[in-house]
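Engineer: This is what each chain is made of:
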Amino acid sequence: MEDLKDIVLQYVIEEYMEDEDDEITFDTPLISGGYVDSFSMVSLLVFLEKKFNIKIPEDRATPEAFDTVHSIVALVQEYIKE
Amino acid sequence: MTHIGSYDERLKHFDWSIAEKELDYQDGQIINIGWYCTDRICEMGKAGKTALFWEGFGGKEKHYTFNDIRLASNTIGQFLRDLGIREEDRVCLFMDRIPELYLSFLGVLKIGAIVQPLFSAFGDESLWVRLENAQTKTIITQRKHVSKVRKILDKMPFLEHIILVDHQSSKPLQDREVAFDLDTADPVEHLEVAPTKAESPSVLHYTSGTTGQPKGVKHVHYSLISQYITARWILDLQEDDIYWCTADPGWVTGTSYGIIGAWSNGVTQCVLDTGFSADAWYRFIDKYKITVWYSAPTAIRSLMKAGEEVVQKHDLSSLRHLASVGEPLNAEAVLWSEKVFGKPFLDTYWQTETGSIMISNYPGMKIKPGSMGKPFPGIEATLLDPKTFVPIRNTGKIGLIAFKPGWPAMMRTYWKNDEMFQEKIKNGWYLAGDRSTIDPDGYYWFIGRDDDVINTGGHLVSPFEVESALLEHEAVGESAVVAKPDPVNMEVVKAFITLKPGYQVTDDLELNIMNFIRKKLSPLAMPQDIEYVDSLPKTRSGKIMRRILHAKEWGEDIGDTSTLEDDE
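As you go down the protein sequences, you meet chains E and W in turn. Take the first sequence: its position 22, counted from the start at 1, is 311 in the working numbering, and no numbers get skipped. Take the second sequence: its position 418, counted from the start at 1, is 532 in the working numbering, and no numbers get skipped.
Chain E with its partners taken away, still in its complex shape (with noise of 0.2 Å):
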């Protein structure tokens, strides 16, 4: 669990943050927070998708899913677990 969550936040700040000063945590609102924007979204979801080894229905991959590291986390677990 916690290398989970920890890959997926070192991910979002190699990859989203461009102000090098803003500093995020496992609750960070991501998507509500200007972060990551719905678009970016989509590359996030192919690196959960490849990295885990997980297909996240389109249903299910939702602003608010992804708004998180925690509910991202949350989401990843439910498909690794099939």
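These aren't lab readings, by the way, just hints derived from the structure by calculation. Note that the Cβ used here is the ideal one computed from N, Cα and C, for glycine as well. It cannot be assumed that every hint is accurate.
Said to hold, decoys possible - These stretches of chain E come out as covered by chain W in the derived footprint (C-beta under 8 Å, 3 or more residues): (1) 309-320; (2) 323-332; (3) 335-348; (4) 352-366.
Take the given structure of chain E and dock chain W to it, following the hints.
Structural biologist: Chain W only, in chain E's frame:
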């Protein structure tokens, strides 16, 4: 009572002088958009009226009266003048939707400089080609975006100043950077507004075409006439309205109707500078009791996707008028909004080059869901035969949407590319680049674009620009970029790619290419689907045939392939 009243009656008696009179403007006089949106409203006795309710991430709020925006735009204008910015110099605004973006827009116009707004999600390559083309003298930006400017600074000897509106004094400023803090700057009570005339350049928006680099669309201060009257008659902005235009001022809707239309009418507007979520949007409408809402089909379809349950959590009864722009509004979205909000979104049609709404549905006019509506009074519109460019007389036939040049907000030219502008004029008509039909009642029905440009979420993306950027990726041999159908964004970018020898398709490669384009150009331009192919269809002369790939994506007939080099 709506401002437009009867569309048919307005059509009979329309003249642009109606708007000129309401704005107390006479031919040959000074006309300055920045002054009209601030000083004039204050002189009309509305200095204490709210001009802007702004809300940012984390619940941050700011509130400005018309006198506040008058002073703030004066202050920014004076700061720029003191830096040496002169009339017709280009000043780029590269910011999120923070108050400084809106206030700088007016400040730049007040001193007669040309404002060049750019979408803050643009990557360094997209930024560079637009700044280089405009030979921009100054850019106003934020800490979070300045790294993209620094990355290309060596290539921009023409860029003299980088103004940071949120600089932290603990960090050193770098080459050509200067800090400006609006909150602590001494307000400038009196600014000598530049004596701009009708044809003085005002705004330089960039738009994408099928070929070549993005084009700078040059507008003038006289565009105010169109923007004022269309905001009044189509958006029906009235004295007590609270208005919300969801567009980013990096694009034309965000300036023509997210700044000029509302403020030249002295109307209060709201700005929400956070990412999208249905709950946050409804909460915003509820909180500020928004009455007029101008949004986009992509956003409306995203709201539809979020469902009706979230709507019920908020009181949206303040809404009285809804309108949409950016791409065709499908009939389902019109019917859905009528069911959920009790009123339909009215579709409006226009583009960067037209500067103001050209074809629209109007308050009080019968709505045909899925139709673009009818031409605005004063706009002479038609459909042209694609081969002869002669107006089509019989209804139901597909033609090219065209307008008779001469309306106030029409672009004056493409920046440093008048030849391309002239190519848009055929047989005395301006070609919009879209296809449509007209029904027997005079309503226009959108068919599609007449070129390869991709309309994704209401924003145009040039396939050429994406293909060029893809070729800079180490693994890409050749590429072809087309639109792919998408239920929310109407179209998204799809790339067909051949790999260079030695490279193989791996899990990481797709993501690597996507992120490469996202950072270099913008998230909008990022291919959402990549298909690896052994070869691309080409003509015998070697030109990649995008239309074959496009037709396959859309399940259409691929047409004549007799010139194909590599027919399947």
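Engineer: Evaluate each hint against the coordinates.
Structural biologist: We went through each hint and held it up to the structure:
1. Interface restraint, the segment 309-320 of chain E with chain W: holds (6 residues with C-beta to C-beta distance below 8 Å; minimum three).
2. With 9 residues having a beta carbon nearer than 8 Å to a beta carbon of chain W, the segment 323-332 of chain E meets the requirement of three or more and the stated coverage holds.
3. A count of 3 residues in the segment 335-348 of chain E with a Cβ less than 8 Å from any Cβ of chain W is obtained; the coverage claim is therefore met, three being the minimum.
4. Counting residues of the segment 352-366 of chain E whose beta-carbon sits less than 8 Å from any beta-carbon of chain W gives 3, enough to reach three: the coverage restraint holds.
In this structure, none of the earlier numbered hints is contradicted; all agree with it.
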